[in-house]
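Residue numbers (the numbering used here), protein chains in the order written: chain X, 1294 to 1504; chain H, 1183 to 1410.
Just so you know, these hints were derived from the structure itself, not from any lab.
Bear in mind the structure is a predicted one, so any value in this text is a computation, not a measurement.
A virtual CB, placed ideally from N, CA and C, is assigned to each residue, including glycine.
Misleading hints may appear alongside valid ones.
What the hints assert, rightly or not - On the chain H side, residues computed to face chain X include the following (Cβ under 10 Å): (1) E1235; (2) V1236; (3) V1237; (4) A1259; (5) K1260; (6) V1338; (7) A1344; (8) G1345; (9) S1388; (10) G1392; (11) W1399; (12) V1405.
To be verified - If you want the ones that stay clear, here's a sample from chain X, every Cβ over 10 Å from chain H, calculated: (13) G1347; (14) E1405; (15) D1412; (16) R1428; (17) I1432; (18) G1436; (19) A1446; (20) P1464; (21) R1474.
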Amino acid sequence: MIISRQSLILAAVILGALILEAVILWWFFGGSGSDDNPTSRDSLPEARLEETAGCGSISLAGGEGNSSFVRGSHYAIEVPAAWEGDLDGSVVTLTKRNGRATLSIGRARPGELSGALDDLRDSLRRTYPRLEVTRVEPILIDGCPARWILGRAANRRGARLSFEGVVVSAPTGNFVMAGFRERGAEPQLDFELSRTIRSVEFLVADARARS
Amino acid sequence: MKGFAWVLGSFLLLSLASAPALAAGPLDGIGKAIPKAPPITNPVEETTKKVKEVVDEVSKPVEETTKKVKEVVDQVAKATDEVAKATEEVAKGGGGTAGNATGASQPSGSTPAAAAPSGSKVAPKAVGSRTGVARASNRRGKARSRSTRENPEQDVDEVAAAGNTIEPARVKGTQIIAPATDEDAAGGSDLSRTGAQILGWLVVASWLLGIGSALVWRARTRVGAISS
Chain X
1294 MIISRQSLIL AAVILGALIL EAVILWWFFG GSGSDDNPTS RDSLPEARLE ETAGCGSISL
1354 AGGEGNSSFV RGSHYAIEVP AAWEGDLDGS VVTLTKRNGR ATLSIGRARP GELSGALDDL
1414 RDSLRRTYPR LEVTRVEPIL IDGCPARWIL GRAANRRGAR LSFEGVVVSA PTGNFVMAGF
1474 RERGAEPQLD FELSRTIRSV EFLVADARAR S
Chain H
1183 MKGFAWVLGS FLLLSLASAP ALAAGPLDGI GKAIPKAPPI TNPVEETTKK VKEVVDEVSK
1243 PVEETTKKVK EVVDQVAKAT DEVAKATEEV AKGGGGTAGN ATGASQPSGS TPAAAAPSGS
1303 KVAPKAVGSR TGVARASNRR GKARSRSTRE NPEQDVDEVA AAGNTIEPAR VKGTQIIAPA
1363 TDEDAAGGSD LSRTGAQILG WLVVASWLLG IGSALVWRAR TRVGAISS
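Using the sequences plus the hints, can you model the full thing?
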């Protein structure tokens, strides 16, 4: 079989068109990276658990007259713009007003962080049948040692979610946070969730505060 | 000689071209005010407006349905709270003769809420059912009861279940644009997404056209080769 020059040119043109199309499609639909594959971690600090000397804060930012913070039991969390906060018992829930994301924080089982993390994973598995945890890392939240998990799930309403969960060993006990956002809705929500999680301030124990 | 011919030819061409214009005299429009040009409209904005109108029409029934579902959920939550209160009252009265009578009349384990110790604020089963309803309800409701949980595991369950409040944005392939509470976030991303989809389909269509024309061209060359 003799391959003519025209055939080669034709094949090259078709191949080039295919490559161009793939690049354009990847750029628009898959290029955002954190959209469907939430692996971008430019905001949460890397884990160095030995740096836990400054765990917690003596006074909370959400204490007096700071309306951008919601204060829970021994902690305060910033409410971003276009979000609203709700305190229900010991759980604070922040919800984006357009309903595309939510972040909750509450108490976790005391003791080892691994136990609290297991609780969170078990609860997530019970709640979301198609749960996929993609990353688990140790991090620091307000100077306190924490474990952070990242993954995706689908909720009962059929929404495809990206989630990040954090369990923190704060001075007054362990706390759990879980943020959810719909995949493909607003890619920058990933950054908003991470920034809000980092905004949490935990109150140090009363004895430490008095000293 | 050649140069002269070129110059002459150019002069003739120019004179021929300008002759009708000169013969027609001054143009009618010269000296008059230039009519106002129609306002330049941005086709993207027009498309966005139309898409928003369609989306609004689509989102209205969805919102109505959501409201109805919320009403039903609220009713169920109220009814559950009433049942829980009633159970709590029964549990509180369990220390006296009524509790003994309840314990005697009910088979063991059938009503753990009623058999709960009187010291507990709310029976475990009642708390569980209320938490389950709370998962399904909208968390933005400010009028919800502020319950205190003594068990941190219930906090974990509630925190983990928060994702169930997120509703899917895509309905039958149509992306509903988020409400304009965060205009810079919602508008930009949806617009770019729509543009990306159009561009993607354009690329696919042009690629298919290219393949088709290449095949036709190749077949024609073959036919030409055979016929010759």
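Tested hints:
{"no.": "1", "hint": "E1235", "verdict": "violated, 19 Å"}
{"no.": "2", "hint": "V1236", "verdict": "violated, 18 Å"}
{"no.": "3", "hint": "V1237", "verdict": "violated, 13 Å"}
{"no.": "4", "hint": "A1259", "verdict": "violated, 13 Å"}
{"no.": "5", "hint": "K1260", "verdict": "violated, 16 Å"}
{"no.": "6", "hint": "V1338", "verdict": "holds, 5 Å"}
{"no.": "7", "hint": "A1344", "verdict": "holds, 4 Å"}
{"no.": "8", "hint": "G1345", "verdict": "holds, 3 Å"}
{"no.": "9", "hint": "S1388", "verdict": "holds, 8 Å"}
{"no.": "10", "hint": "G1392", "verdict": "holds, 6 Å"}
{"no.": "11", "hint": "W1399", "verdict": "holds, 9 Å"}
{"no.": "12", "hint": "V1405", "verdict": "violated, 15 Å"}
{"no.": "13", "hint": "G1347", "verdict": "holds, 25 Å"}
{"no.": "14", "hint": "E1405", "verdict": "holds, 14 Å"}
{"no.": "15", "hint": "D1412", "verdict": "violated, 5 Å"}
{"no.": "16", "hint": "R1428", "verdict": "holds, 17 Å"}
{"no.": "17", "hint": "I1432", "verdict": "holds, 17 Å"}
{"no.": "18", "hint": "G1436", "verdict": "holds, 22 Å"}
{"no.": "19", "hint": "A1446", "verdict": "violated, 7 Å"}
{"no.": "20", "hint": "P1464", "verdict": "holds, 16 Å"}
{"no.": "21", "hint": "R1474", "verdict": "violated, 7 Å"}
Checked against the numbered hints given earlier, this structure breaks hints 1, 2, 3, 4, 5, 12, 15, 19 and 21; the rest are met.
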